[in-house]
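Asks: In order, the protein sequence lines correspond to chains A and B.
If you read the first sequence in full-length UniProt numbering, its first letter stands for residue 1, the second for the next number, and so on.
If you read the second sequence in full-length UniProt numbering, its first letter stands for residue 1, the second for the next number, and so on.
A portion of the hints provided could be inaccurate.
Which copy is meant is left open, so a pair is good if it fits within one copy or across any two.
Computed list of lysine-lysine pairs in DSS-like fashion (alpha-carbon distance at most 25 Å, straight line) [to be verified]:
{"hint": "1", "residue 1": "109", "residue 2": "352"}
{"hint": "2", "residue 1": "265", "residue 2": "6"}
{"hint": "3", "residue 1": "148", "residue 2": "281"}
{"hint": "4", "residue 1": "297", "residue 2": "352"}
{"hint": "5", "residue 1": "265", "residue 2": "72"}
{"hint": "6", "residue 1": "352", "residue 2": "282"}
{"hint": "7", "residue 1": "39", "residue 2": "72"}
{"hint": "8", "residue 1": "352", "residue 2": "12"}
{"hint": "9", "residue 1": "12", "residue 2": "39"}
{"hint": "10", "residue 1": "72", "residue 2": "297"}
{"hint": "11", "residue 1": "265", "residue 2": "109"}
{"hint": "12", "residue 1": "109", "residue 2": "148"}
It should be emphasised that the hints constitute simulated quantities derived from the structure, not laboratory data.
2 protein chains.
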Amino acid sequence: MTDMQKLGERAKQASYTLAAANAGLKNTALYAIGTQLTKRCDEIIAANAEDIVAARENGMSDAMIDRLTLTKERLNGIVSAVNSVAMMDDPVGEVLGGATRPNGIRIVKTRVPMGVIGIIFEARPNVTVDAAALCLKSGNACILRGGKEAIYSNTALANIMRDAIAQAGLPADCILLVEDTSRESANEMMRLSGYLDVLIPRGGAGLIRAVVQNATVPVIETGTGNCHVYVDYNADLTMATDIIVNAKTQRPSVCNAAETLLVHKDIAEKFLPQAAQALAKKHVKLLGCERTRAILKGVAPATQEDYATEFLDYILAVRVVDNVDDAIAHITRYSTRHSECIVTRDYENSQKFMQRVDAAAVYVNASTRFTDGGEFGFGAEIGISTQKLHARGPMGLREMTTYKYLVYGEGQIR
Amino acid sequence: MTDMQKLGERAKQASYTLAAANAGLKNTALYAIGTQLTKRCDEIIAANAEDIVAARENGMSDAMIDRLTLTKERLNGIVSAVNSVAMMDDPVGEVLGGATRPNGIRIVKTRVPMGVIGIIFEARPNVTVDAAALCLKSGNACILRGGKEAIYSNTALANIMRDAIAQAGLPADCILLVEDTSRESANEMMRLSGYLDVLIPRGGAGLIRAVVQNATVPVIETGTGNCHVYVDYNADLTMATDIIVNAKTQRPSVCNAAETLLVHKDIAEKFLPQAAQALAKKHVKLLGCERTRAILKGVAPATQEDYATEFLDYILAVRVVDNVDDAIAHITRYSTRHSECIVTRDYENSQKFMQRVDAAAVYVNASTRFTDGGEFGFGAEIGISTQKLHARGPMGLREMTTYKYLVYGEGQIR
Chain A
1 MTDMQKLGER AKQASYTLAA ANAGLKNTAL YAIGTQLTKR CDEIIAANAE DIVAARENGM
61 SDAMIDRLTL TKERLNGIVS AVNSVAMMDD PVGEVLGGAT RPNGIRIVKT RVPMGVIGII
121 FEARPNVTVD AAALCLKSGN ACILRGGKEA IYSNTALANI MRDAIAQAGL PADCILLVED
181 TSRESANEMM RLSGYLDVLI PRGGAGLIRA VVQNATVPVI ETGTGNCHVY VDYNADLTMA
241 TDIIVNAKTQ RPSVCNAAET LLVHKDIAEK FLPQAAQALA KKHVKLLGCE RTRAILKGVA
301 PATQEDYATE FLDYILAVRV VDNVDDAIAH ITRYSTRHSE CIVTRDYENS QKFMQRVDAA
361 AVYVNASTRF TDGGEFGFGA EIGISTQKLH ARGPMGLREM TTYKYLVYGE GQIR
Chain B
1 MTDMQKLGER AKQASYTLAA ANAGLKNTAL YAIGTQLTKR CDEIIAANAE DIVAARENGM
61 SDAMIDRLTL TKERLNGIVS AVNSVAMMDD PVGEVLGGAT RPNGIRIVKT RVPMGVIGII
121 FEARPNVTVD AAALCLKSGN ACILRGGKEA IYSNTALANI MRDAIAQAGL PADCILLVED
181 TSRESANEMM RLSGYLDVLI PRGGAGLIRA VVQNATVPVI ETGTGNCHVY VDYNADLTMA
241 TDIIVNAKTQ RPSVCNAAET LLVHKDIAEK FLPQAAQALA KKHVKLLGCE RTRAILKGVA
301 PATQEDYATE FLDYILAVRV VDNVDDAIAH ITRYSTRHSE CIVTRDYENS QKFMQRVDAA
361 AVYVNASTRF TDGGEFGFGA EIGISTQKLH ARGPMGLREM TTYKYLVYGE GQIR
């Protein structure tokens, strides 16, 4: 048995106890995590300081170091997030449907935990706590593998959480951290069949691709968003400007930010200068098609590759299209099926766009930035799925569960 | 572009039209399939005869040749199955939930087709029609890859179905058959990322394992069932005998048949001879643990491997256990999480078994043979999932869909 398989086995054993735990016990454990994180705050900040020293030695950028840094205040934020997970409804045990069949057997479809969830994630240590809390509440043991940049912080956080839940009466192994942060450990996790019920990679396109290519365990792809805003012929242009500025610039580094603006040819001449001006104020660089560049002088040309790129930056590709069908065709070709938006006053086009565009979330007259567990009312989220299997869009506690059929009989046979 | 990618692209293009088709059009197409299969029955039987000639040349067993054979009567059965799919409710467009958020955006979670479903299956040609009909009704284009044994039959069936749906007004490419039945074509399908939204292997454990090891597309594992019947200390022994005989022998070759009998030690001496006698009448061979063999003389010993084996035959492994916890531990170790049964009169044990046993379907006092789309009231099924992601247990039309969030706004931004 490899070290990773041993972790898998420990998680699996713990998962049986956790799956049978009621909400009261799980909530006690979650509040205990919050209490202990607060109490042992100095220990966490000391561990975090070691990560920061290493990061500086490795020449990490100030922005990245900022994301890595834990302060008392940030820890308070992490603790409130855990407390709010405790306050969410327990999804486990929900009855999803059922029937009494003609032969008298009674079938009850019941929500149950997945079992063991693996999560591979990158730098930020707050994810360690968030992910563990969501897994615990949904009745799942978790195996967490964070980035090497945060290994001291993550180890401290995981140990404190394990102590806290053990004190509360749950197996410490409900939360396991992979201490080996080599690429091999990630690869081994992807092939941990028989132990992991699902693997959720949280990170950049490279990580997601590696997981999809190599995993033998069931995977939920998350987080790549090449999102579009299409401005239709009769759109309210002030609304359209507000939406594209918001979708592009309110937080450009996230998956639900817009990457391409599509504009109907009949309003391009009026709308593009107005949008360009508003975007320029936010220092957005535009890349345009020929028709865009005929209207907006000095804009660099957009290549096919640009249209396929998730910039995650202050860069926006622009294209003038003939009509809503063209816009849909462009989106169908380049979209990662995350979040897509039409700005229009035309009923028929709004309906066509909603029906024809294949994405987790399709918007009429609202920013793509709303594709988010909190905004959708799910509370916290473990990620945003861009696949169609199991869960699509923001994944809250329910999306971290499966179901089983309980069948009650009196000796029925076929 | 490889031939397989070309098929993928054709399916994808067809899927956009099919996804937007209403139930009326899809049903017209399904009835047209039925009509054309009946009308062109001779053509199908002639093609099937070619498969049978080849099968005889290759020394296929009579039982297998029987499974491969199409007759007028069997074709009528296939046609009624298609007609009953047409009569089922269309799952597409169902509203699964939604909310108006505090900022006024209105979110409607709506059921939509997956897109393109790939199905790899083995000999029986009726699966070609069943699978195509279920995919069509659920709004999904399909790429079907059957076994080489049925290639003439499958080609005839697929061509007739394609003609029929084209006449009805849907793209013929909603139904595509992979004519290359080499192992390479199966492997290529498993890695057809960007075209297949899900791959469903229908076949033996070897096929499932190959798919899980090699696939880069999302997969739903189906059909391996190492199912158990546990007879508790105070079970109704007549009921227990009826259930184990039914679960083992009513159709031993299917995934919901029982493979291991677990018996509480306190009733083993009374129950085992009675069960053995009833099973002997059905020519079931027993393999037992030491305690079983002390009661039933002449029973061969069961190895750990036997307990892990899905016999799919008139063979049953038997083990005497100390109590319900031991039974659950055995099941946890060996089960493929398909269907598990307890026969008991003890309320507490029934509840414990239901809660602790991790399987798609958990039974009290009923045969495991009921884990089936028809028996569960789903109408036809595309397979029985043994994974936890997306769908668990029998998969009907609903399980062949995903959802998207439609979001209606009036210019909301974050």
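Asks: For the identical chains here, do residue 148 and residue 281 meet the 25 Å Cα criterion within one copy, between copies, both, or neither?
Replies: neither (38 Å within a copy, 63 Å between copies)
Asks: Could you figure out if residue 39 and residue 72 sit no more than 25 Å apart (CA to CA) within one copy, between two copies, both or neither?
Replies: Cα proximity of residue 39 and residue 72: one copy only (11 Å, versus 77 Å across).
Asks: Pop the pair residue 352 and residue 12 into one bin, within, between, both or neither, using alpha-carbon distances up to 25 Å.
Replies: For residue 352 and residue 12, the Cα distance is within 25 Å only across copies (18 Å; inside one copy 46 Å).
Asks: First find the shortest C-alpha distance between residue 109 and residue 352 inside one copy, then the shortest across copies, and answer within, between, both or neither for a cut-off of 25 Å.
Replies: between (35 Å within a copy, 17 Å between copies)
Asks: Have a look at residue 265 and residue 72 and pick one of within, between, both or neither, based on CA distance no larger than 25 Å.
Replies: neither (53 Å within a copy, 58 Å between copies)
Asks: For residue 265 and residue 6, with the copy left unspecified, which applies at a CA distance of at most 25 Å: within, between, both, or neither?
Replies: neither (60 Å within a copy, 33 Å between copies)
Asks: Up to 25 Å between alpha-carbons, please classify residue 12 paired with residue 39: within, between, both or neither.
Replies: neither (30 Å within a copy, 55 Å between copies)
Asks: If the cutoff is 25 Å on CA atoms, where do residue 297 and residue 352 land: within, between, both or neither? Let me know, please.
Replies: Neither. Shortest intra-copy (33 Å) and inter-copy (72 Å) distances fail the 25 Å Cα cut-off.
Asks: Between residue 352 and residue 282, at a C-alpha cutoff of 25 Å, which is it: within one copy, between copies, both, or neither?
Replies: neither (32 Å within a copy, 60 Å between copies)
Asks: Is the C-alpha distance from residue 265 to residue 109 at most 25 Å within one copy, between copies, in both cases, or in neither?
Replies: neither (51 Å within a copy, 32 Å between copies)
Asks: First find the shortest C-alpha distance between residue 109 and residue 148 inside one copy, then the shortest across copies, and answer within, between, both or neither for a cut-off of 25 Å.
Replies: neither (41 Å within a copy, 38 Å between copies)
Asks: Given a CA cutoff of 25 Å, do residue 72 and residue 297 count as a within-copy pair, a between-copy pair, both, or neither?
Replies: The answer is neither: 49 Å in one copy and 71 Å across copies each exceed 25 Å.
Hint compliance for this structure: hints 2, 3, 4, 5, 6, 9, 10, 11, 12 are not met, and every other hint is.
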